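Top to bottom, those sequences are chains A and B.
If you count the first sequence from 1, position 84 lands on 84 in our numbering, and the numbers rise without skipping.
If you count the second sequence from 1, position 232 lands on 232 in our numbering, and the numbers rise without skipping.
There could be a bad hint or two in this list.
What the hints assert, rightly or not - List time: in silico DSS-like cross-link candidates among lysine-lysine, alpha-carbon distance up to 27 Å:
| hint | chain 1 | residue 1 | chain 2 | residue 2 |
| --- | --- | --- | --- | --- |
| 1 | B | K19 | A | K49 |
| 2 | B | K111 | B | K97 |
| 3 | A | K42 | B | K14 |
| 4 | B | K160 | B | K119 |
| 5 | B | K19 | B | K218 |
| 6 | B | K111 | B | K158 |
| 7 | B | K231 | B | K184 |
| 8 | B | K97 | A | K211 |
| 9 | A | K49 | B | K319 |
| 10 | B | K19 | A | K42 |
| 11 | B | K97 | A | K49 |
| 12 | A | K42 | B | K75 |
Unchecked claim - Derived, one-sided and incomplete: chain A residues facing chain B with beta-carbon distance under 10 Å:
| hint | residue |
| --- | --- |
| 13 | E47 |
| 14 | A73 |
| 15 | P76 |
| 16 | P116 |
| 17 | G117 |
| 18 | A121 |
| 19 | A122 |
| 20 | Q123 |
| 21 | M125 |
| 22 | G126 |
| 23 | T128 |
| 24 | R214 |
If you are wondering where the hints come from, they were derived from the structure by calculation, not from laboratory data.
Computed from a predicted structure; not experimentally measured.
Heads up, the beta-carbon is just placed ideally off N, CA and C, and yes, glycines get one too.
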Amino acid sequence: MLVDQQQIVQALWETIVMVGVSLLFSFLIGLVLGVLLVVTRKGHLWENKVVFTILNAGINIFRSIPFIILMVAVIPFTRLVVGTSIGTAAAIVPMILFAGPYIARLIENSLLEVDPGVMEAAQAMGATPWQIMIRFLLPEALSSLLLGITIATIGLVGASAMAGAVGGGGLGDLAITYGYQRFDTVVMFLTVGILIIMVQGLQSIGNYLSKRVRRR
Amino acid sequence: MITFDHVTKVYEGKDLPVKALDDVDLQVEEGEIYGVIGFSGAGKSSLIRCVNLLERPTSGKVMVDGNDLLSLSAKELRDAKRDIGMIFQHFNLLNSKTVYTNVAMPLLVAKGAKEEVKKRVMDLLTFVGLEDKANSYPEQLSGGQKQRVGIARALATKPKVLLCDEATSALDPETTKAILQLLKQVNQEYGVTILMITHEMNAIREICDKVAVLDKGKIVEAGSVFDVFSKPKTAVTAKFVRSVMHDTIPDSVYSLLNNQTACRHIYRIVFVGNSAGKPLLSQIAKTYAVNVNILFGNITELQGVPLGNLIVQFSGDEKEIKRAMMYIHQQKITVKEVLANVS
Chain A
1 MLVDQQQIVQ ALWETIVMVG VSLLFSFLIG LVLGVLLVVT RKGHLWENKV
51 VFTILNAGIN IFRSIPFIIL MVAVIPFTRL VVGTSIGTAA AIVPMILFAG
101 PYIARLIENS LLEVDPGVME AAQAMGATPW QIMIRFLLPE ALSSLLLGIT
151 IATIGLVGAS AMAGAVGGGG LGDLAITYGY QRFDTVVMFL TVGILIIMVQ
201 GLQSIGNYLS KRVRRR
Chain B
1 MITFDHVTKV YEGKDLPVKA LDDVDLQVEE GEIYGVIGFS GAGKSSLIRC
51 VNLLERPTSG KVMVDGNDLL SLSAKELRDA KRDIGMIFQH FNLLNSKTVY
101 TNVAMPLLVA KGAKEEVKKR VMDLLTFVGL EDKANSYPEQ LSGGQKQRVG
151 IARALATKPK VLLCDEATSA LDPETTKAIL QLLKQVNQEY GVTILMITHE
201 MNAIREICDK VAVLDKGKIV EAGSVFDVFS KPKTAVTAKF VRSVMHDTIP
251 DSVYSLLNNQ TACRHIYRIV FVGNSAGKPL LSQIAKTYAV NVNILFGNIT
301 ELQGVPLGNL IVQFSGDEKE IKRAMMYIHQ QKITVKEVLA NVS
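The shape of chain A in the complex, shown without the other chains (with noise of 0.2 Å):
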């Protein structure tokens, strides 16, 4: 094995920083657009025709673009925000871009799954439209939500894997370096053996937290 113990913990660590970091901003940028797109589509909380094309389309650009195009494409704009195009922070923003549009599409799915009488009956009641989403459309959502959310971060562990190529590190920097290139092919059965075990588990943790909350 061309790799130590200690190469290995750090690739593991540098997968969870770029999934954990890009997921989480990822989430705040798919859940403020998720929400738009709800809300401005005809006859909801806050329609209104131009907002909603505009999200629509773009969020649409965005997701037709190949994530290993994207990371290339977006480096200028990557240099601006972190100063740098190579490594994990490097990496963390193509993943955002890529990640963020793909979260607003779950959480749209999610939100529209929503019983509109729900909202009928918050609207009979007298709610504000950001109390409906708040208390109404988000908690009746966030089981679906939880599913999606764990979708999403599955994927950003597959695109962890491609960030290897702007030197992001990561499990899928080993793999291809050591593993692929260099014919190593015990550390590339080692590294696609985590990257599993984290799939199944965070697919586990999804499916127990989205259970917990659905009481139905």
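We have chain A; now place chain B onto it with these hints.
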């Protein structure tokens, strides 16, 4: 308490605009239970949603407790809605919240003090008989229990008006009866004016004081439940009456009649109130030389007044039958000849 003044609601459809409500005038007095009955698509949902402006009328005026709702600002309207509770066919509870939180929701939305909220919620849960279910989730409840939660929630802000949108249509007959009794109790104990829409004649018969019949967006008949249903003027109303009170000869009986060659004298006699208690038919049989054959009959109760319906065949001498008919007319009892078994 609730007034509709020339309310029209038009939906701009893809092809042609659809008139859901067509120049509706309606007056619900304080303390009444007012029912609006109609078939699917008659405009009932639009009508009840125009009361709390879940849907805004295209034209016309809606007044609730002296407020012209359409003239209010968004904030004033939200405040006004605290005086208008609403319950729904599918309950529309929050599945992610406990029964307690569901009932507390209107108070939380109105930013009520925690202690007061708690007291009010527990009082309401006791009133609807679910004090032991405070920490349950809606999914753990039966349909009837869910509607009780819905009622408790609707009453949380002590509204003056309760809107019932097909509140019992998703429930079985037994549960329907219990929920209707609970609504009656709400009306009597809290003095809440109730406006309910339904397609179930039973719901109207059970608790309503007044009724309006809605057909194709228009109110075709309105008045006390007894007046409207004892003497239906339109075909729609008659159809609803028939749903609880069959007034046609059963086919099996009718087929027996077809075998007879004799001239048929089949009449429907409608008994109302006191006349339902009189032994009219036996008097006729004794006084005149006619035989009375009862083909079909039933009796129902509207607002505590009995309403009977008999279909009889008279046989015997033509003259005697005529005299018997005269006698019935003198008793001021409605009688009509039934020519064919048309429903």
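Against the structure, the hints come out as follows:
no., hint, in the structure
1, K19/B <-> K49/A, "26 Å, holds"
2, K111/B <-> K97/B, "18 Å, holds"
3, K42/A <-> K14/B, "15 Å, holds"
4, K160/B <-> K119/B, "20 Å, holds"
5, K19/B <-> K218/B, "10 Å, holds"
6, K111/B <-> K158/B, "15 Å, holds"
7, K231/B <-> K184/B, "25 Å, holds"
8, K97/B <-> K211/A, "14 Å, holds"
9, K49/A <-> K319/B, "79 Å, violated"
10, K19/B <-> K42/A, "21 Å, holds"
11, K97/B <-> K49/A, "33 Å, violated"
12, K42/A <-> K75/B, "22 Å, holds"
13, E47, "14 Å, violated"
14, A73, "40 Å, violated"
15, P76, "44 Å, violated"
16, P116, "9 Å, holds"
17, G117, "4 Å, holds"
18, A121, "4 Å, holds"
19, A122, "8 Å, holds"
20, Q123, "6 Å, holds"
21, M125, "4 Å, holds"
22, G126, "4 Å, holds"
23, T128, "7 Å, holds"
24, R214, "7 Å, holds"
Hints 9, 11, 13, 14 and 15 from the earlier list are contradicted by this structure; the remaining hints agree with it.
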